[in-house]
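There are 4 protein chains.
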Amino acid sequence: MSKINKVVLAYSGGLDTSAIIPWLKENYDCEVVAFVADVGQGEEELIGIEEKALASGASSCYIADLKEEMVKDYIYPSLKTGAVYEGKYLLGTSMARPIIAKAQVECALEVGADALCHGCTGKGNDQVRFEGAFAALAPQLKVIAPWREWDLRSREALLDYLAERDIPCTASLEKIYSRDANAWHVSTEGGVLEDTWNAPNDLCWVWTKDPEQAPDQAETVTLKIEQGEVVAVDGEAMTPYNVLTYLNEKGIEHGVGRIDIVENRLVGMKSRGCYETPGGTIMMEALRAVEQLVLDKESFDFRQTLGLKASHLIYDGRWFTPLCQSLIAAADELAKDVSGEVVVKLYKGQATVIQKRSTNSLYSEEFATFGEDDVYDHSHAGGFIRLYSLASRIRALNSQKK
Amino acid sequence: MSKINKVVLAYSGGLDTSAIIPWLKENYDCEVVAFVADVGQGEEELIGIEEKALASGASSCYIADLKEEMVKDYIYPSLKTGAVYEGKYLLGTSMARPIIAKAQVECALEVGADALCHGCTGKGNDQVRFEGAFAALAPQLKVIAPWREWDLRSREALLDYLAERDIPCTASLEKIYSRDANAWHVSTEGGVLEDTWNAPNDLCWVWTKDPEQAPDQAETVTLKIEQGEVVAVDGEAMTPYNVLTYLNEKGIEHGVGRIDIVENRLVGMKSRGCYETPGGTIMMEALRAVEQLVLDKESFDFRQTLGLKASHLIYDGRWFTPLCQSLIAAADELAKDVSGEVVVKLYKGQATVIQKRSTNSLYSEEFATFGEDDVYDHSHAGGFIRLYSLASRIRALNSQKK
Amino acid sequence: MSKINKVVLAYSGGLDTSAIIPWLKENYDCEVVAFVADVGQGEEELIGIEEKALASGASSCYIADLKEEMVKDYIYPSLKTGAVYEGKYLLGTSMARPIIAKAQVECALEVGADALCHGCTGKGNDQVRFEGAFAALAPQLKVIAPWREWDLRSREALLDYLAERDIPCTASLEKIYSRDANAWHVSTEGGVLEDTWNAPNDLCWVWTKDPEQAPDQAETVTLKIEQGEVVAVDGEAMTPYNVLTYLNEKGIEHGVGRIDIVENRLVGMKSRGCYETPGGTIMMEALRAVEQLVLDKESFDFRQTLGLKASHLIYDGRWFTPLCQSLIAAADELAKDVSGEVVVKLYKGQATVIQKRSTNSLYSEEFATFGEDDVYDHSHAGGFIRLYSLASRIRALNSQKK
Amino acid sequence: MSKINKVVLAYSGGLDTSAIIPWLKENYDCEVVAFVADVGQGEEELIGIEEKALASGASSCYIADLKEEMVKDYIYPSLKTGAVYEGKYLLGTSMARPIIAKAQVECALEVGADALCHGCTGKGNDQVRFEGAFAALAPQLKVIAPWREWDLRSREALLDYLAERDIPCTASLEKIYSRDANAWHVSTEGGVLEDTWNAPNDLCWVWTKDPEQAPDQAETVTLKIEQGEVVAVDGEAMTPYNVLTYLNEKGIEHGVGRIDIVENRLVGMKSRGCYETPGGTIMMEALRAVEQLVLDKESFDFRQTLGLKASHLIYDGRWFTPLCQSLIAAADELAKDVSGEVVVKLYKGQATVIQKRSTNSLYSEEFATFGEDDVYDHSHAGGFIRLYSLASRIRALNSQKK
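Protein chains in written order, with UniProt numbering: chain B, 1 to 402; chain L, 1 to 402; chain X, 1 to 402; chain R, 1 to 402.
Looking at chain B on its own, in the form it has when it is part of the complex:
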């Protein structure tokens, strides 16, 4: 293996990536550039992060604001496909990985690095997502995955490792729950969740109010959707990221968007997590409601098929593949009609569409009560049914002849 001179690390400021910086320098004898992606994980995670990176030994630290791009170019296309993993998971962590990886690669190319590094563990999906993106975007760069290489196996070991090197770290020894957050969602794993027979407790939820503590008074929000994208909320045009934060605030207050799931990881094992996607849940419900109005039977079915397929590709770290782009192209085409307005009611954990309309609606009172010779005649149905059940009839007649 050729010598590595400069590596760009996806740096979060947490314990793991803090330890990775000195580890890389010692084990690869290379310069380490810290790359921080702002995907809306929260201001508190970003404050002082550059200082922290430098204190850990990074030669420099780049912070990229990816918030608008993430919603516009990753979340919206995913939403149009209808991707929901295993019936529940809105893919919050999965969708953030490719955008971080892409920006990290761009950083690496800019600073002339010859390697990329991430802090994902060896049992999870994220390593596949990062490295899948790296393979598609910069196959010439080496990839270092410390968790698959080093023999540090616990928080204690990491803290000791940093302490031995006098690198300041505020991380605590005890950390029961493992979390990941961005503007779209926050996930919680570990602790009581490790036994599926345990119900989640209060520590398993980070953002959203417990539905039982949410306001007794329901609230509504109105979303304006154009070609499958939310362009305004409650009468106000907003950027994609602002739509999301606005809806997050509403959803959080009403306990919307919690799921508790056991899911199949790509790497063959199952894991259990509690995920919160407050604004996303509202958007998803709204989008599906407009689709109810505008998509015909076969198109709706295909959109569901696309969503199922896309959910795997996105979950599995396949964003930058021809197949994922093909699904997105198909979904974009179907979304051309998906424009309208939706009123969503928020109440004690639920987001329920109560009103919806669209100028592309295939439903309308007018058609339902149409005069008979216009678009529909009761008598047409007789011919339809006759042909529709013809194969059944012939098959049954056959079997009677035997």
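It is possible that some hints are incorrect.
Copies of the same chain are indistinguishable here, so a pair counts whether it falls within one copy or spans any two.
Stated by the list, open to error - In silico BS3-like pairs for lysine-lysine, Cα to Cα no more than 27 Å straight-line:
| id | residue 1 | residue 2 |
| --- | --- | --- |
| 1 | 175 | 3 |
| 2 | 336 | 175 |
| 3 | 88 | 209 |
| 4 | 345 | 72 |
| 5 | 224 | 345 |
| 6 | 345 | 209 |
| 7 | 224 | 209 |
Treat the hints as calculated values from the structure; they're not laboratory data.
Dock chains L, X and R against the given chain B, drawing on the hints supplied.
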């Protein structure tokens, strides 16, 4: 067309089928046998129904108790496929049609009838479902669909028609909402729902408490599932139908199982309805939760594909086809592992699985914390990822050569 | 029904549409415009066709040359999806219908007609294809389908009908086989084919040489493909239509592209036909061969899924629907990599790809023999397999514990 | 890792597995049992194989005759699903792996072995297939894959290794093409095939006559099919294996069943091979032909979907998974109607169905020419089309209003 001597009518006791009896006799000069299917639509609909049928002119009236059979042989198989129409509808009306039609055909064969009749309108799905079943089960019998033949076009006309013949009828002139009920669900269409921009009002919901009026105290139910079927609830073994009524009671109290949907009818138009499936929603959630534990990634995906496909077949009246039976065989096979226990929390309109376990679970703390040389080694992931992203890597290297 | 003033008829010059002209005038008291689509059905069918139309009573006759457009905008997109109906049929008749219908509608709008008419029978697919296109493109125009209206039921009746009106007609009384031709294919139905236990005889094949009579010497053609479209053959750049006619000539000589199929019509019955698609078969083989080189496993699978889905939409007359456009968008995206060169050997009924290459190829000797630390290491496979079979392993361990 | 005492090796008698025996003994200090699966690879491969195994140092050698079981329990179920990998490959090697692995596991359990070993290389699919089966059937047994462990990297190294140990071996130094054979197929890889721009030469084909050298006289075979399985050929009832060998003989003579494919391996790379499946190709064509007669439109489509899905599972070594069993259950259900007789014409590389019939046929002259009031009325089509295109019509009317 050859002369019809005896027709078996799917009789509900309502205004439409009450008028159909004399209409058949007058227009086809034939004997009319009333066939009543008890699918759990409610005692009040069955009281005095035989007298009513005879008073309308039926020569006899047969009542078939199909309640257990419906849950066991139609609902459970459907649940195993995971069929949900257009992402929301639990197929309550759709699943009831084939079982009614099958029993009606059996009645017709027994009484030596040469025709079958139903009271479905010419704009709906149910005519297709009835006649699809008839075509598969008794293609030799004639089918009469009065709504596609007669020129009675309003409740008023029907009432007049009965009055002219001195046939007693308690139906009211005004009936804003059209409803269909069985043990699994009740549907409501019409009235304010005809404008999708109207929110449903209290008249749009029949069984379930308004979530906002539901108890402030959450409640749990525990379901025991064996091979994809609920066999006991709250520690008590129950028949399928009893499971359903027990869960209905719980769900109704907590406002569980309401949906408000615009759906694509098979006959090309859209319609909007409010559907309530309280017990069914709880069962569905519980079943999916056990699947989360026991189905691997590809099996879970296929179960979802089956559900999507089955939802159309069931909705479209294709129950008695080789294809539907093929899907059910596939789902039965996957359901062999789907056994376990689930605790569902009911609160203000929501049914949320909070605990789940299965001896077939592919998840377990034990595996998650396994020693490295047993079933999983962090280092395995490196090889996995390398191969998993190999095509991406080669493609990217190709494009760099250009 | 409002009065019809002017109708545009899809006119072929054959017996049926010749009789339709006077029938329309007599029964609808309207002007009839004959519209002729040149889709490559052959010069002999077009010679003197305007005179014939006028002699039958048409007020005018428009001939539209759709040959290049058909290949470029209908056949090429279909080929990219890989659509093949029921495993065999290359959709020759199906693809021609929407382009004819679209041009017919354009003609109707131009001449200010208020109705459209076609000569398709009431048992076939083509009526659905024409009327499906009409519904999507000009729902305001009335549609007249004489075969579903009139009581002319035989060739004899049609000939008599014309004779009574002194309209000259060269059609013969006896016509055993029914045929449809365009540049892409010719179909033959009827006669001996009506019994599936009869083998096709010489009358069942129109264009292609019997493979047993084809040259004993094989021949090759070389196709150059760019982004899923054939752009040159045997070293010469050609327009899409010229590609097709060039390959047709080769294929015909070697008996390539015959199929004998029993297929499911959309209208519920099965029919049997012998179809010949000589050039198309060669193109299809060539395209699939380049896909073998450039599409990864999951993309190839999705392309196959798209082809299956598209085959139904195209067969069923759904070209002008959002769903069909969505599938085409997906296929176009995948086709971006589908460029290369292919040598096809033609021999005694077979078109076999014997050589293929592409600069986008994911296969190459270079990769296959790569040094181990470059893109692939034997040892990677161990980790891959371990994770790939992890769910199986856990499931088996579970069942051993019982 | 705990000590291994006894290992059962899937032994072929070839160079690789001959070297593996001493290598296992030296590196694992264990007893080696040679397990030979007779899957119809040919008598010459089995003659003297026990002696050979013992001479190489095996403690014993078991030979299992799996020929009938392979056709009956692996090939027939696969055929019913219609599995064809990437549009061409009839899965000859893929289907043989699970049956060999299963018998090998049974042998290991019987002789009390604690490990399993195979001679598959680290770049291929077969390692995944073997180890996938091992994981599902005997997860408690260790797996040894020498090709991923040892540093022997060439035929020369293997020959030297054997020579050093005085183990007799008749393998030649030069072996350009790599082959795998069983009753169903023979595959050839390597040599000129490594460049996709090379056409296959005579060395690339093992069994079948070159179509250009095949008889000038066509020949026919008649297959009798019951519920998706061939039960008799040319009037004679035969066991599944005998059906296959009979058809192989015919197919070989006429050059039937050759394919030349670049395929996506499961392990991320592409490979190119020439495969011959003479009898299998005939069976596949015959089966599909009966399906044309008996499956309705939606069932045929689903069978195609099943085939696509099953092709990946079988190729990927997923035979012993709940998902694969679910697909097989679905296919079995559809195959219940697939009975009939088919005449296949063999000529110069082609197997063409020319006659077919079935008592379950949904096609029949009788229905096609039915009186109008029996099963089909031309006028029914009008209503069908109206409803079928209703969504298109409404959408178009919508867009005209804008």
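Structure-based check of each hint:
1. For the homomeric pair residue 175 and residue 3, neither the shortest alpha-carbon distance inside one copy (36 Å) nor that between copies (38 Å) is at most 27 Å.
2. Taking the closest pair of Cα atoms, residue 336 and residue 175 never come within 27 Å of each other, the shortest separation being 46 Å inside a single copy and 39 Å across copies.
3. In this assembly of identical chains, the alpha carbons of residue 88 and residue 209 lie at most 27 Å apart whether taken from the same copy (19 Å) or from different copies (26 Å).
4. Taking the shortest Cα distances, residue 345 and residue 72 sit within 27 Å of each other inside one copy (25 Å), while across copies they are farther apart (36 Å).
5. For the homomeric pair residue 224 and residue 345, the shortest alpha-carbon distance inside one copy (15 Å) is at most 27 Å, but the shortest distance between copies (33 Å) is not.
6. Within a single copy, residue 345 and residue 209 get their C-alpha atoms as close as 16 Å, and across copies as close as 17 Å, so both meet the 27 Å cut-off.
7. Taking the shortest Cα distances, residue 224 and residue 209 sit within 27 Å of each other inside one copy (26 Å), while across copies they are farther apart (30 Å).
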